[in-house]
Structures are given as C-alpha cells and as structure tokens.
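Chemist: Given next are the chains, with one letter for each unit.
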Amino acid sequence: MVNTKVQLSSLTLDNPVIPASGTFGFGYEFAELYDINVLGSFSFKGTTKEPRFGNPTPRIAECPEGLINSVGLQNPGIHAVIAEELPKLAKCFHKPVIANISGFSVDEYAYCCELIDKEPQVGLIEVNVSCPNVHNGGMAFGTDAVAAAEVTRAVKAVTTKPVYIKLSPNVTDIVSIAKACEEAGADGISMINTLLGMRIDLNRKKPIIANKMGGFSGPAIFPVALRMVYQVYEAVNIPIIGMGGVSSADDVIEMMLAGATAVQVGAANLIDPFAAKKIVEDLPRAMEQYHISSLKDIIGGAH
Amino acid sequence: MVKQSYFTILSQRQLTSAMYEMVLEGDTSALAAPGQFVNLKLEGFYLRRPISVCTYDSKTMTLLYKVVGKGTAYMATLPAGTKLDILTGLGNGYDTSLSGDRPILCGGGAGVPPMYELAKVLIAEGKHPAVLLGFNTKEEIFYEEEFKALGADVYVATADGSYGTKGFVTHLLDLVKGYTYSYSCGPEPMLKAVYDATNTSGQFSFEERMGCGFGACMGCSCKTKYGNKRICKDGPVLAKEEIIW
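Those protein sequence lines, which keep their order, are chains A and B.
Here the working numbering is used: position 230 in the first sequence is 230, and no number is missing along the way.
Here the working numbering is used: position 81 in the second sequence is 81, and no number is missing along the way.
You may find that some hints are simply not true.
What the hints assert, rightly or not - Which chain A residues face chain B? A few, computed with CB under 7 Å, are given here: (1) Thr23; (2) Gly66; (3) Gln74; (4) Val106; (5) Leu270.
To be verified - Subject to a maximum C-alpha distance of 20 Å in a straight line, what follows is the list of computed SDA-like cross-link-like pairs (lysine to any residue): (6) Lys70/B <-> Pro207/A; (7) Lys3/B <-> Ala31/A; (8) Lys3/B <-> Tyr34/A; (9) Lys83/B <-> Ser58/B; (10) Lys223/B <-> Lys205/A; (11) Lys88/A <-> Lys229/B; (12) Lys206/A <-> Lys70/B; (13) Lys225/B <-> Pro56/A; (14) Lys3/B <-> Val38/A; (15) Lys212/A <-> Cys222/B; (16) Lys205/A <-> Gly71/B; (17) Lys296/A <-> Pro56/A; (18) Lys229/B <-> Phe53/A; (19) Lys277/A <-> Val2/B.
Honestly, the hints are just simulated from the structure, not real lab data.
Note that this is a predicted model, so its numbers are computed, not measured.
For every residue, glycine included, the Cβ atom is placed at its ideal position computed from N, Cα and C.
When you get a sec, could you build the whole thing from the sequences and use the hints?
Modeler: In structure tokens form, the structure reads like this:
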C-alpha cells in the first residue's frame, strides 16, 4: 500500500494532484463528470475585486505540445465568487479549496485575500502575481522582488490561512523573487505561471491572439518549470507547489523530485477533462514502478 | 453532458474541393440535440478540433468538415479503421420546441452541416422546414440532394450566381411565405444578415477559437444581453433576443 499524502503548510492533502487555476473553473462543472473529491485539492479561477470580462477573442492559439491563452482574468469578482460560486462548490467538494487571487494594486490583493480568508471552504490562498494577460497589474508584481514582497506582506497582514505566492517565469532570476517572498512571510511558493508567448497567422500575417501575446503552457514548458522548481527549492525553506506542463503521474513524481510538495495540472485538463482524475488513479502504479512507498519522502529527492 | 470515448472511422468522402464527410462508429449516447459539436484529438496536434455534428443515430455519427488548416488537412488523410479519441455531447444545440410549423433553416458554407440533423428532427416532429443554403459558387455546393431526400423544401443561393438564386441566403427569404422561426449557422456576416432580415425570433450558432470545448478555459467567451457566455458550453447556439452585435 503506497502513501500519497503530502503536507502543504497546515493543509494535509490525500494526494499532491491539484488542477491549476484557470483550467477548472470553480470545480462544480467538473463534478458533473466525476467525483472531484478524488483530487488533492484544486485552485479556483483567478479572482479579482471587480467582475472582469477579460480580453477580446481570439484568446487561444495552438502550439507544438501546448497552447497560448490570453483570457485576461475573466471572473465574476470576489463578491460573486463568495456569494454564488463557493456555495455551488460546497455541494460537490468537501475538501479545502485553494483560492487564487489576482489584483491590480497592493490594496486590491489585500482586500480580496482578507475576504476570502474568512471562507471556511478555503484552505490556502494562492496569490497570483504573475498573470501575463493583464496590463498594469498581475505580472508586474511578480517580475520585481520588491513589489512581490510588498504584496506578500500586505496579504499576510490580513490573513490567517497559508499564503502561497504564484510566480512568473518571465524573469531573469526567479530565485531572488522567491526569496523575497519568503522573507516577506510567504508560507509557500506556487510556480510557474505561463511563459509569455506569441503565434502569427500566416494567412492574415497578424498575431492569432487579439491581445497579440499570451501565456504559453502545456507539456512543452515542463522542462523549464522543472528547472525553476529545482532552483527555487535550493534557495528557500518553504513548500513549493510545482506546475507547468504536468500531464502524467510520471510528471508529478519528476516535479516532486525537483522539489515540489504538491503539483498542479493545468493545460492537460483542457485536452482531457478527466486528466487530473486519471493522474490521481495512476499515481500508485507509477510509485510502485519507481519503488516509492511514500510520496512525501521524495520531495527534493533529486538534489 | 461531456463524454470521452473512442470512435472508429467507417468512411471518408470528399464532397467539394474543401469539404469532407467522415462517418464514425462509436458511443453516440451523449449526443442530445442538433447543433451540438464534438471535439477530436488528432495525433500530433495539442488542441482538439471542434466539429459540428451533421447527423447521428444510435451507433454512428457523420461529420462534415472543411479543410482550413493543418489539423483538418490531417483529418482528411485518415483512412477508414482509424480510431479517434473524441469528446461528444458538447454545446447546447438547437431547441426545436420554439420552431412553429414553418421554420427556415439558413446554412452558409461550412455552416450547412448542423442544419441536416436539425431538418431531420423538425420533420420527425411533423413540421415543414424550408432549408436555405448559401455557397460561394456552384462547385462548393454539397448535401443539396441529401436535404431534399429528407423531405425539406430546399432553396440554394450562390454568391456568384453560378447556381440557384444569385446572392446570399437572405435573398432566399422572399421565396418562403409565412415562415415562423429561423435557425442559422454560417459566417458571422451571414448570421447578422439573417438576424436583420427576419421578422421572427430565431437561434444562431456562433463560431470561436476554442481551447477546451467544454467550458473550462474561458477561451471563447462572448458578451450577451444576459451576461457573459462561453460559445462552447453556453452556446454555440444563442437566441436572437440575447445577441449583441
């Protein structure tokens, strides 16, 4: 009998598999397809203070082994999330959920995190300082160590639950930003968000995406994500949620060996709505194949 | 409800220079309404390809698709016997309960296929649909005989006048007296023209670049009078009353 349990700060997960924000909505639509309680947890759709429609379409472009999205944080706003989305989720998900929060100012991050911190369904807050698809916010906070630390401090001052800062890979030195977040009080690091990318339509000779650029994700970015998790694991003493192109139980194990305590699955959910469930079900087989009896024992094992 | 399963290609047939007909065998139990679509996984392509369902029965499903890029070009090369991973039961589809006795079904180019199952269902319900088909040229016409074989009244327009009425599907409206409702699928300028030219309510099927096809990624969102909707999950069919042009 293998042990898949992992510990994310105060949160014990039955397994490390977590659908990533923006690929799983608020969960309840996936609950029509399978029992989502088989998951470790999931990170809900990136939420801001105000409702947002997001960017113009087209928002999606295909790539080799991945896709570019430029959704632009479409969400109903923090108040509707609390009043409407979380009650719908409560009917089908009985584990703590990860709240993904985005913002356009330090005050907005603090405002939303303070509100969501009070929700009993929320087990952990993932602060997205790395959305590449919005201007004057999002990624601007995650590409500067001082700004990332400022958001971290502001959120920590008004919350009681574990706060994980979701970092952008679109930086020269992700390690320094992770360390700045740790020093500012972050309970963990969530990484990586999408890589800024672009495709051009050869017939129209213009960018496919209306917003020209977007976030590149999928199996193609897995080696980049793995490398960054490996580097940050060496530099910080807080848990890391690793993500970026994870598509199989083998990928989960590889990401944990690099230093991740838990692993998010993003783009794979969009190709196969059952992807996260299949990964959970395949984990015991993969663990036996690689002679792993307890997943928590392999975290950072490649170092 | 989304279902993932494997289908086997029974046959492929080229209809025009760009349109193909693919007949597949598999579990069609998730297909619930005309106007729904399926999402095909193709080897070597990361995103699935959303294709509207032309018609289906308890064991088979027919897809008519236009070769527009590398993915659909690859689809056209697949021989009978090929197994494909397909998500079925996607999208809302057309609601036939609102049609009245004499609905018009407007299909333009690659938007013609879902009109076939719709016509079939409406006729089975005892209604008398008029099918208005628009193509660019005579060479691009497909399925005219198939629609007639269902027992529908069929009218064809070509933009260059090489067959039928010269012009667009809206130029065929005068030929149908006392129509009760409209159903449309085609390029957005055609949908807008039908929207403006018809004096009844109707349903319009939209197209957008999709990520997942089942409502998760928010890649294909649009604004409607009733709030934001996802073309893949809340659509692709929108009611006339909610559309914002």
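Chemist: Taking the hints in turn, state whether each one holds.
Modeler: Against the structure, the hints come out as follows:
no.: 1; hint: Thr23; result: holds, 6 Å
no.: 2; hint: Gly66; result: holds, 6 Å
no.: 3; hint: Gln74; result: holds, 5 Å
no.: 4; hint: Val106; result: violated, 26 Å
no.: 5; hint: Leu270; result: holds, 4 Å
no.: 6; hint: Lys70/B <-> Pro207/A; result: holds, 17 Å
no.: 7; hint: Lys3/B <-> Ala31/A; result: holds, 13 Å
no.: 8; hint: Lys3/B <-> Tyr34/A; result: holds, 11 Å
no.: 9; hint: Lys83/B <-> Ser58/B; result: holds, 18 Å
no.: 10; hint: Lys223/B <-> Lys205/A; result: violated, 27 Å
no.: 11; hint: Lys88/A <-> Lys229/B; result: holds, 18 Å
no.: 12; hint: Lys206/A <-> Lys70/B; result: holds, 18 Å
no.: 13; hint: Lys225/B <-> Pro56/A; result: holds, 17 Å
no.: 14; hint: Lys3/B <-> Val38/A; result: holds, 19 Å
no.: 15; hint: Lys212/A <-> Cys222/B; result: holds, 18 Å
no.: 16; hint: Lys205/A <-> Gly71/B; result: holds, 19 Å
no.: 17; hint: Lys296/A <-> Pro56/A; result: violated, 43 Å
no.: 18; hint: Lys229/B <-> Phe53/A; result: holds, 10 Å
no.: 19; hint: Lys277/A <-> Val2/B; result: holds, 15 Å
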